[in-house]
Structure formats: C-alpha cells, structure tokens
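Please build the complete structure, drawing on both the sequences and the hints.
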Amino acid sequence: MIDDFDSILLRIYEAGVDPEKWEGALHALNALIGGQYIHFYANNLSSGADAVAVHSRDLDLHEAYCNDYFPQDIRIPRIMDAPVGKILHGDMLWSDEEREASVVYQECFRPLGLFNVTGAQLGLDGHVSWLGFSTPSLAPFEKGSIALLERAFPHVRQALRLCIEMQRAKGQLVALEDLLSRRGRALVVLSIEGKVLRTNGFAEDLVQTRLVSLRHGRLVFREATANRVLNMALAALGSMQGSEESVALMEDRAGNQYGVRFSPIPGLGAALSMLMVQIVPLFNEAPPNEYEIQKFAGLFSLTPSETDTLGALVSGISLAEHAETRGVALDTVRKQMKSVLSKTNGLNQKNLLRMIERFCFVQLR
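In this note's numbering, the protein residues as written are 1 to 365.
Honestly, I wouldn't trust all of these hints.
[What the hints assert, rightly or not] In silico lysine-lysine, DSS-like type, Cα no more than 27 Å apart, as pairs:
| # | residue 1 | residue 2 |
| --- | --- | --- |
| 1 | K350 | K338 |
| 2 | K21 | K170 |
| 3 | K350 | K335 |
| 4 | K295 | K335 |
To be clear, the hints were calculated from the coordinates, so they are not data collected in a lab.
Next comes the structure, spelled out in structure tokens:
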C-alpha cells in the first residue's frame, strides 16, 4: 500500500504540471481509499470559472448543486470555518438528524448515491477549492482511509497551487507574446533541455530571414557566438544556477544589428524551469534618449559640446543644422565629431550609431 500511495503522490505532482492528469491521479487515490465518487474543484472568485475540476459523475450534477442546492447546504459554513486541509467527515459536517432533514441530502445526494462525503477545503488565495470523496454505501470510510487522505491533502494542495500558478503564468506569457510581436520583437520560450515550447509571430518571421532556425524543435542561431551564449544559459539553468540574464549580438546578411536577451525563469525543479529568449532588431528600436546619450558619453569622457554633437547625430540632425542651431562654425562641429570618433574608436558616424545601439541594449534596456 505504501508503494501505491507513493506512486499516487507522484501522479498528483505530475497533474500539477499537466492538468489533464488530475482525473487519473485522483481516481487512483479514490480507489486506494475505497471511495465511490470524487468532488474536486478550484473556482476562481473573480471570473467564476473553475481553474480545475474533476467529478466522477456528470459535470451537470456539480453545476446543478452549485445553482440549486449550494445556498441551502448547512455544511458550507462549517467547511469554510474549518482549518485549511482539515479532513471533515461525519458529525463534523452534519449530524444524522440534520442530514436526514436536509433537502440537499434527500433530493440530491441520496438519490445519486453520494454517501459520507469526506474532504477538506484547500484554501488557495482567490479561489474556493475543495477535494472530497464519498463512499458507495452508508458505511463510512475506515480510519486507515482517513489517515491516507490526511497524508495526501498537503501534496494535493501544493500541486493545485502549482497548477494555478502555471495557468496564470501561461496567460501572462500569451499576453507578452502579443505585446512583443506588436513591438517587432521575437520571443522563443525554451524548456530546460532546450526544446522550443512557445514562439510568437515575429519569431516565425525571423526564421524566414535565416537569422535563426527551429530545427527539430530546437532554436539555432546563424552565428556561433549566439549559440554559445544560448548553450551556456541552458547549462546554468540546468544546474539551478541560472538567475542572471545574458546577452548576445548578431547581424543579418544586410548588416542590421540584432540583440538577443536570454532570461532564465527558474521553476520548482526541471519540469518548470524555462529560458525566455528575446530577439530585438536594434535598428527598429527607439533612438537613445538624453539620459542614454549622457551615459554613453560618460564612458568615453566626452565634453558637453561633444555630447551635444553626438546627440544631434543620434537624432538625425545634420552637422550643418546643428552648427546653425548652436550658432557656431560648421568646422567647429566637424572637429567635435572627429574627436567623438577618436575617443570612441568609431570608424565612422554609421559605426558610431551602431555602437550606441549595442550599448543601450546591453547596458540600459
């Protein structure tokens, strides 16, 4: 029996990751304790929808109970007032007299063979949650079965919390995918083994450019440096040491720059750990603002005048227009730009703009 119980606990935690496995896991527990029917749900108080629900009988029964009998059920206040995880059964829920006089029992439970409902509230924030079992006859659960339920409930509660958090994270991830697509950024989510779990529309577009590829369910970059950083990020995540972001830079065939950001998302073990990869076309990003220009200038000890000239370049203002605005000779501004290129080791103005793109992505954005 202990081996059976341990295998059931494993199935319960697997259900926390894959909700489709809840039914099989709880049916196995139900069989172990000698139960008849299962009543398991976590109802979101905000939306009114069940985040998870498993019922041995037709789901219509659960809905009919909620709509027609729930307000009349004298057990509900006792369930809600009980400590989270405390197994309630027998007189803890209602006396024999209360049960026999109850419309809920006489019209709903008894005709359907729902006897000795035994369970506990799971107490998850923002949800009404319950796991209960009933017996096939008037004979109550044996003490050994109650003891097994007491051991199982903390694990069910933890797995259910995991399940709801994953549902919430999935919803947030879908919203993030859409947002990044609208901003012209690619998103690829990888498992700890490097398997592609999700991509947004812009990531699929990048595949057409051959900047990246999705081979056999894995992300592969055209440039070796990006692949090396990817493998290092996955290795760090796999060793449970991956909490820091890492970045890589690459170019397409036209010479346009892209930034790649690797963001580890550690989970509760390998099953939930993921690596979020954003690919950002730097040439489509918003131009550096004044703060970012000042930070870049500070790295190379540019003078205020040189910084102003750099700002004009970033803003797309010609040197002649900048000289006229400042009321200085064009030759003066050209000398300032030459000094900026010398201090930053820039080959030319285009190369300087690419340096600022890289700096903003790696250091500031």
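Hints, verified against the model:
1. K350 / K338: The hint holds at about 13 Å.
2. K21 / K170: holds, 18 Å
3. K350 / K335: Cα-Cα ~17 Å, so holds.
4. K295 / K335: holds, 22 Å
Taken one by one, the earlier hints all hold for this structure without exception.
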